[in-house]
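Asker: Sequence:
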Amino acid sequence: MTGSMHLIEVNDQRILLDCGFYQGRRAETYERNLHFLFEPASIDTLVLSHAHIDHSGNIPNLVKQGFTGNIWCTAATRNLCTYMLMDSGHIMERDVEYLNKRRRRKGEAPVEPIYTQNDVQAAFGQFIGVGLHRPVAIADGVELTFYNAGHILGAA
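Residue numbers are given in the numbering used here: position 106 of the sequence shown equals residue 106, and the series is strictly consecutive.
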């Protein structure tokens, strides 16, 4: 499964668990990744379980569309996302560049990348890396503690 994303509502707060990128055929995934089933600005905080793109890959788009809350993850996940999300933004920019050359030849309107490397940079300011086994208040009446999940480096 790709595109992991779970909306949790507790104590009148909206917490998003993961914000993954749907992967597959370009025609199927572009619109699905571009639009959310909720208003990004309505999310109070985000908890990221690990850095795999199917769990973290749509965070820059979420921020681009108005999410301003904290992004809670382990320090290792934050560090991995630095590279993985920048690479994802780079790939999107190059993919759209290629697509738009083809679209121009057909007389079609250009498309925009879902996010760019600049959008990734903007999102990094919201990441908060937390150590394992250290409880942290992430919202009113909501405490989070990360435990090693053993999936990839930083997964919790």
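Calculated directly from the structure, the hints in this document are not laboratory data.
Computed from a predicted structure; not experimentally measured.
Just so you know, not all the hints are guaranteed correct.
Restricting the straight-line Cα-Cα distance to at most 16 Å, the calculated cross-link-like pairs of lysine to aspartate or glutamate (EDC-like) are [claimed, not checked]:
no.: 1; residue 1: LYS101; residue 2: ASP119
no.: 2; residue 1: LYS64; residue 2: GLU97
no.: 3; residue 1: LYS64; residue 2: GLU108
no.: 4; residue 1: LYS64; residue 2: GLU143
For each label pair, taking beta carbons as the anchor points, the in silico distance ranges come out as [claimed, not checked]:
no.: 5; residue 1: VAL10; residue 2: HIS90; range: 14 to 24 Å
no.: 6; residue 1: ALA109; residue 2: GLY141; range: 16 to 26 Å
no.: 7; residue 1: THR82; residue 2: GLY107; range: 17 to 27 Å
no.: 8; residue 1: THR82; residue 2: ALA41; range: 16 to 26 Å
no.: 9; residue 1: HIS133; residue 2: ILE91; range: 29 to 39 Å
no.: 10; residue 1: LEU153; residue 2: ILE8; range: 51 to 61 Å
no.: 11; residue 1: GLY129; residue 2: GLY150; range: 30 to 40 Å
Ideal Cβ placement from N, Cα and C applies to all residues, glycine included.
Asker: None of the hints should be skipped; say for each whether it holds.
Answerer: A quick look at each hint next to the structure:
no.: 1; hint: LYS101 / ASP119; result: violated (23 Å)
no.: 2; hint: LYS64 / GLU97; result: violated (20 Å)
no.: 3; hint: LYS64 / GLU108; result: violated (25 Å)
no.: 4; hint: LYS64 / GLU143; result: violated (27 Å)
no.: 5; hint: VAL10 / HIS90: 14 to 24 Å; result: violated (36 Å)
no.: 6; hint: ALA109 / GLY141: 16 to 26 Å; result: violated (48 Å)
no.: 7; hint: THR82 / GLY107: 17 to 27 Å; result: violated (40 Å)
no.: 8; hint: THR82 / ALA41: 16 to 26 Å; result: holds (25 Å)
no.: 9; hint: HIS133 / ILE91: 29 to 39 Å; result: holds (35 Å)
no.: 10; hint: LEU153 / ILE8: 51 to 61 Å; result: violated (25 Å)
no.: 11; hint: GLY129 / GLY150: 30 to 40 Å; result: violated (18 Å)
Violated hints for the displayed structure, listed by number in ascending order: 1, 2, 3, 4, 5, 6, 7, 10 and 11.
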